[in-house]
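One letter stands for each residue in the lines below.
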Amino acid sequence: MRTLRRAATDKLRAWAARRHGRDTLPVKIHRRRIYILPTRFGIMLGFVLVAMLLAGLNYNSNLGLALGFLMASVALVTMHHCNRNLLGLHVDVTTEADAFAGGEANFEFALKNTSNVERRDVEVRCQNAGGTCSVFAGSSESVTVAVPVPRRGIVRIAQFELRTRYPFGWFHAWTYVQGSLTAYVAPAPRGDRTLPAVAGAGSGSRSETRGDEDFAGLRAYEPGVPLKHMAWKVLARGGEAAVRSYTALAALPEWLEWSALTGLDTESRLSQLCLWVLESEAAQRIYGLRLPGKEIAPALGAAHRFACLRALAVHAISEPR
Amino acid sequence: MNPKLLSYEQLWGIFACLALALLAHLGSLPVWVLVTVAVSGGLRLALARRGRGAPPRALRLGVAAVAIALLFAQFRTFNGLSAGTALLALVAGLKMLETETQRDIYVITLSIYFVSVSALLESTSFWLFAYLIAVCWLTTAALLRLTGTLPLPDWRRCLRYSVLLLGQALPLALALWLLFPRFAGPLWHIPNDGHIAASGLGDTMSPGDIDQLALSDEVAFRAHFAGAAPPPQERYWRGPVMHDFDGHTWTRSYSAPLGAPTFVPQGPAYDYTVSLEANQRRWVFALDWPSHWDLADTGLTRDYTLMRRDPVSRPIDLVATSHTQVRWTAPLSNVMRASDTRIPSNRNPRTMQLAQSLRREHPDDAQFVRAVLAMFTQQPFYYTLTPPKLADDSVDAFLFDTKRGFCEHYASAFAMLMRAAGIPAHVVTGYQGGTFNRFGDYWIVRQSDAHAWDEIWIEGHGWLRVDPTSVIAPERVELGAGDVLNAADAAADGWQGRFLWFADARLRLDALKQLWRERILFFDQSSQKQLLEWLNIPEPDGQKLVLLLTAALTLVLCWLTWTVRREVDHAPRDALNRAYSRLCGKLAAAGIPRRSYEGAEDYAARVARHRPDLSPEVTALCRQYSILRYAAPPAPITVNEFDDAVRAFRPHPPLKRQDSPAS
Chain L
100 MRTLRRAATD
110 KLRAWAARRH
120 GRDTLPVKIH
130 RRRIYILPTR
140 FGIMLGFVLV
150 AMLLAGLNYN
160 SNLGLALGFL
170 MASVALVTMH
180 HCNRNLLGLH
190 VDVTTEADAF
200 AGGEANFEFA
210 LKNTSNVERR
220 DVEVRCQNAG
230 GTCSVFAGSS
240 ESVTVAVPVP
250 RRGIVRIAQF
260 ELRTRYPFGW
270 FHAWTYVQGS
280 LTAYVAPAPR
290 GDRTLPAVAG
300 AGSGSRSETR
310 GDEDFAGLRA
320 YEPGVPLKHM
330 AWKVLARGGE
340 AAVRSYTALA
350 ALPEWLEWSA
360 LTGLDTESRL
370 SQLCLWVLES
380 EAAQRIYGLR
390 LPGKEIAPAL
400 GAAHRFACLR
410 ALAVHAISEP
420 R
Chain H
2 MNPKLLSYEQ
12 LWGIFACLAL
22 ALLAHLGSLP
32 VWVLVTVAVS
42 GGLRLALARR
52 GRGAPPRALR
62 LGVAAVAIAL
72 LFAQFRTFNG
82 LSAGTALLAL
92 VAGLKMLETE
102 TQRDIYVITL
112 SIYFVSVSAL
122 LESTSFWLFA
132 YLIAVCWLTT
142 AALLRLTGTL
152 PLPDWRRCLR
162 YSVLLLGQAL
172 PLALALWLLF
182 PRFAGPLWHI
192 PNDGHIAASG
202 LGDTMSPGDI
212 DQLALSDEVA
222 FRAHFAGAAP
232 PPQERYWRGP
242 VMHDFDGHTW
252 TRSYSAPLGA
262 PTFVPQGPAY
272 DYTVSLEANQ
282 RRWVFALDWP
292 SHWDLADTGL
302 TRDYTLMRRD
312 PVSRPIDLVA
322 TSHTQVRWTA
332 PLSNVMRASD
342 TRIPSNRNPR
352 TMQLAQSLRR
362 EHPDDAQFVR
372 AVLAMFTQQP
382 FYYTLTPPKL
392 ADDSVDAFLF
402 DTKRGFCEHY
412 ASAFAMLMRA
422 AGIPAHVVTG
432 YQGGTFNRFG
442 DYWIVRQSDA
452 HAWDEIWIEG
462 HGWLRVDPTS
472 VIAPERVELG
482 AGDVLNAADA
492 AADGWQGRFL
502 WFADARLRLD
512 ALKQLWRERI
522 LFFDQSSQKQ
532 LLEWLNIPEP
542 DGQKLVLLLT
552 AALTLVLCWL
562 TWTVRREVDH
572 APRDALNRAY
582 SRLCGKLAAA
592 GIPRRSYEGA
602 EDYAARVARH
612 RPDLSPEVTA
622 LCRQYSILRY
632 AAPPAPITVN
642 EFDDAVRAFR
652 PHPPLKRQDS
662 PAS
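First to last, the sequence lines map onto chains L and H.
Quick note on numbering: the first sequence equals residues 100 to 420 in our numbering.
Quick note on numbering: the second sequence equals residues 2 to 664 in our numbering.
Since the hints were derived computationally from the structure, they do not count as laboratory data.
Small disclaimer: the values here were computed from a predicted structure and weren't measured.
Some hints could be false.
[Unchecked claim] SDA-like mimics (lysine to any residue), calculated; alpha carbons at most 20 Å apart, straight line:
hint : chain 1 : residue 1 : chain 2 : residue 2
1    : H       : K530      : L       : L156
2    : L       : K211      : H       : Y598
3    : H       : K404      : H       : A474
Starting from the given sequences, assemble the full structure and let the hints guide the process.
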């Protein structure tokens, strides 16, 4: 039963994808792409309504029929309200997310409701993960969907789904959006090798090193510098943005080398490199990454970290799934 | 969907709805079922209050098994309305006990809906109907609170939303109700539960029966005459006819169906409709001698009572033609003569003696009748609603000792005297008179109009109605029992009499009831046919009805789609936005259009820089807009006031000496 259902859903998904083509985000949900079916509870209600009708006809009771018809009409109105709950919603999403293998890729969806009716209990579903939110009239709401990513690599999600059972759970309305989402899944940070000592030790300028925490003066701000090194007081006095410079920062970069990790298989190497990237970032040491066929120049900061993690994620993955 | 645990508040709401729905069944459900439902619901609520889950599974199953076994032991079936409803109520109540997740609640809401409808199946009451619609409304609102996964909307919002849903559902429901094809009979046999006691006149008549009825204000039936109504002294509605007398009690015996009518109508024919209330009896009240009637499974018996095959378990309409004067063509059958002259031996000896001595004086039947009636007027007989209790030989006790009685005493004594003299006689019970409702052109016949009289067979003439009560209290027949008794007891009942408007209001209400009955309760195939005719549809039949239903449903659904989507498709800007846009438009005309990224306060500041003369007004208006838009209510100004202020605001054109404003 479950496999049958899944097969039917897959067929429908494929058909919807062919029917609507690729969507460019943000997407406004058009009425022609909203599907609706009764839920199991809705089908139960249907049986009860039929029973009411039969009882009313059998007893020739106009009052019983009237109440039965009223409830049936309420069910039909509810169907429209369920459909309307998705109609005309604007959906946008951050199309890229970064994650570690075994963790979750967090896609942030923004739902914008420009109409005068509140949209309650709209669920966004990506693969098997979902998030629910309500969007008030004329406002927007964001909802994060955490998609589990067990393995390293690039996860592409070609389609996500918006669904709702509002108001009574009698009907289930849904729509497919053909927006491609990409998750770069870095290897799980793991390993027992210590962070390598700075490569090329003794090549001269090491003498300047006086320790991580030693203040060595101010230098001009450049993007990517950790915020905790900002010279806020200088900025507050009205000066130009400046960064406190430490001697360690000025030190030679350390290289995180693929080739240094001999004796490990590919995934373990990548995991170890990933752990080192995170450790270096935490320790505020400038670092570079060398992989076979790829080199990332030494730097520090969020952007650099992302670049390194993505390099680790896509390493040796030729054809993303 | 993940099973979601329910809070105390949610449980409480749905349990209240269940209780309200079961309230409508108060009379028909066994008390222990209601108690079981109440106890299991209460127990579950008490547990939920302490933050605990449902009781252990074994206990729940045990209770359910015992309750259902008990139910079966009581009803012997689960078929039929009361048994089915009791089962449903029990299941819903026990479900309450084990409710943990939303899914359990769904089952309960469905039972509430069905229990509500089943309460209406045998009911005709407008108030019950309105009450159950309200119950469904509350249940729907409770359901909304149950299914919401995010912060629960508050009760008031839920109720408002359900009203909106019901309102939008109304046209659809109306179309379905008007046009859904009705069937003439039931689809399958309706088991008669027999939980409703029969009311009104019964199979037997003993002294004291009718004066009990006379206290009841309940409506027996309403009658509408197509033409003129017969005069009061001829307005006798015949009911069960009593043949067997045991000295105290008269009993209706089985009477075979009449083959061919044995009378020829004379005098005016009266066409009328009797709207009979459900009384669980098989007889139907008709005016005197019916010659024609339009009611399925109904026929005349040999004693001219209209008898149905099944008891009247729901209101029915009898359309009939009757005559108050007839000529009898066939002689009295021997069977009838034998049963109508039989007297219990050894009972009422004094009456027997009296009859025999009178008969010796008056050998002629007509003279004998006159002599008996004369005895009632000459001797001190009284007409009273509170006669003294009578001994076993009731006729003796009445005629010779108490001499106070109500109609049944006189009818009983008269018939006994006739039979003792060999004249075939029987007692007829029924109704006499009625109150005319001028607001609805029909007569209301209440239980208090119940009456008993006699019919005697006079050779060469046939059956003749004799009402001995009319001799004692002629005003009873001319005015009606209620009026006579009111006159006698004006102090107790003067309230009604003194306030005419009260009586009028009662009649108006009754007319509404009759309208409800005609238009709603009796809406059927023929009404649908009339509806089609009214719509100028030629040759109305079931097929055209279905076509019309389809067309109407299509139309209503289109309307529904349009109404529901209208709010989304062209989202009309709200009043505040319109007013603000007007303000921006005026300022743009004055040369300072708002930039798309500019908030109200920034815009006001820019206006102030370029046009200091407008600054106070514009700053104030923009401030008001921000408050209305963003601040928590209550705002110091309403949207309408803001709109008025914007309308009143007239930025004069920029003065020459000022710098031309940057745009």
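May I ask which of the numbered hints given earlier this structure violates, with the numbers listed in increasing order? none
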